[in-house]
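J.: Sequence:
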Amino acid sequence: MRPQEIIARKRDGNSLSDAEIGVFIDGVCTEAWADYQISALVMAMFINGLDQREQDELTRAMVYSGKVLDLASVDRPVVDKHSTGGVGDKTSLIIAPVAAACGLAVPMISGRGLGHTGGTLDKLESIEGFDVGLSMTTFTELLATNGYAMAGQTGEIAPADKKLYALRDATATVPYIPLIVASIMSKKLAEDLDALVLDVKTGSGAFMQKYEDSVRLAEALVQTGKAFGVNTQAVVSDMSQPLGKFVGNALEVYECIKLLRGEGDDAMSATLVLSVELTARMLLLGGIADSMSSAETMINEALASGKALAKFRENVEVQGGDPSVCDDPESLIDPTLKRIPFGAATSGYVAEVNTFAVGRAICDIGAGGSRPKMGSIMPSDSNVR
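Per my numbering, the very first residue in the sequence shown carries number 78; after that it's consecutive.
Hints were generated in silico from the structure; no laboratory data involved.
Computed from a predicted structure; not experimentally measured.
Please note that a few of the clues may not be correct.
Below are the BS3-like pairs computed for lysine-lysine, each with C-alpha atoms no more than 25 Å apart in a straight line [what the hints assert, rightly or not]:
{"#": "1", "residue 1": "K240", "residue 2": "K144"}
{"#": "2", "residue 1": "K303", "residue 2": "K144"}
{"#": "3", "residue 1": "K335", "residue 2": "K384"}
{"#": "4", "residue 1": "K335", "residue 2": "K415"}
What follows is a list of derived Cβ distance ranges for each label pair [claimed, not checked]:
{"#": "5", "residue 1": "D208", "residue 2": "Q81", "range": "38 to 46 Å"}
{"#": "6", "residue 1": "E373", "residue 2": "A85", "range": "21 to 29 Å"}
{"#": "7", "residue 1": "R338", "residue 2": "E289", "range": "33 to 41 Å"}
For every residue, glycine included, the Cβ atom is placed at its ideal position computed from N, Cα and C.
With the hints as constraints, model all of the structure from the sequences given.
T.: Below is the structure:
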């Protein structure tokens, strides 16, 4: 079946068969399809749509384009969290160590920056030496010993999505629910999860800026998770302004370490509040806690006792990073960077923030993933107060 034939069928508004979707995903992985052919079909999907069967089959094909983790040897509930992406959206760096300190195993397979949003992998790589390119074997070993691991997609895990992710970013085909669902869930379903908590963003900094669209995305994600046998829950959270105090890779890591150290200020509180809520839901779905209030008590204890910070330090060290950042988070910030204050022209109150514009500005100075080949990313980039 030639690529042109499959592209033409979707171009003309037809539903693709399971076999045609399988040929497409196989072509993505084997490079039998050129980038321009992949991009053409993705654009046709974006314009003419995918029905529920096509969406489910695309997700399934992407899951099994690589290997699926076997976490039977992990003696903890396996629960992950995923965000649909935002500006200053850094909660994963707090959630993973806190959840692990409370008794969960958290296998975070994360992504690069997409569109105007930041990527967890880019943030982690601002820690000198931190290795996100783990093999499946190493990833599983770290999960069993440390309670969590954070890595990117490799040729082993959902390889089709890795290619599609970059091309969607470069061809303006990101904000379409079936493609978002297939992308997110292909990574998550390859993790052999017991449960999954999804943070679906809404507002000017989200891919789904309208609340009703965000709810539709949340419902589609939950439906897909449950259809594949994973206990799934979604939260719709506000992205009408950047989350927390800082935007930018190294500075967001700095903010998270300050919060793990118990040294956060009021401007960082939104990051902590959302992190606690999402982690509490993970503990609840994983059977570690029997109520949100008891889960929050466990989380506060893990933070106050230093257990969560210790877990973060351990993860940084075993993944090749410099653990001294946990003692000196200021070392993440390049002291030679120019600091430019932006003052208001008149007195008054901030009524609205164009979060999308903030995200684009961060990408424009080199802190995003807007290139399909994913070139170098600046670790220290910007902050928004």
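J.: All hints, please: hold or fail.
T.: To see whether the hints hold, each was checked on the structure:
{"no.": "1", "hint": "K240 with K144", "result": "holds (16 Å)"}
{"no.": "2", "hint": "K303 with K144", "result": "holds (20 Å)"}
{"no.": "3", "hint": "K335 with K384", "result": "holds (14 Å)"}
{"no.": "4", "hint": "K335 with K415", "result": "holds (22 Å)"}
{"no.": "5", "hint": "D208 with Q81: 38 to 46 Å", "result": "holds (41 Å)"}
{"no.": "6", "hint": "E373 with A85: 21 to 29 Å", "result": "violated (54 Å)"}
{"no.": "7", "hint": "R338 with E289: 33 to 41 Å", "result": "holds (39 Å)"}
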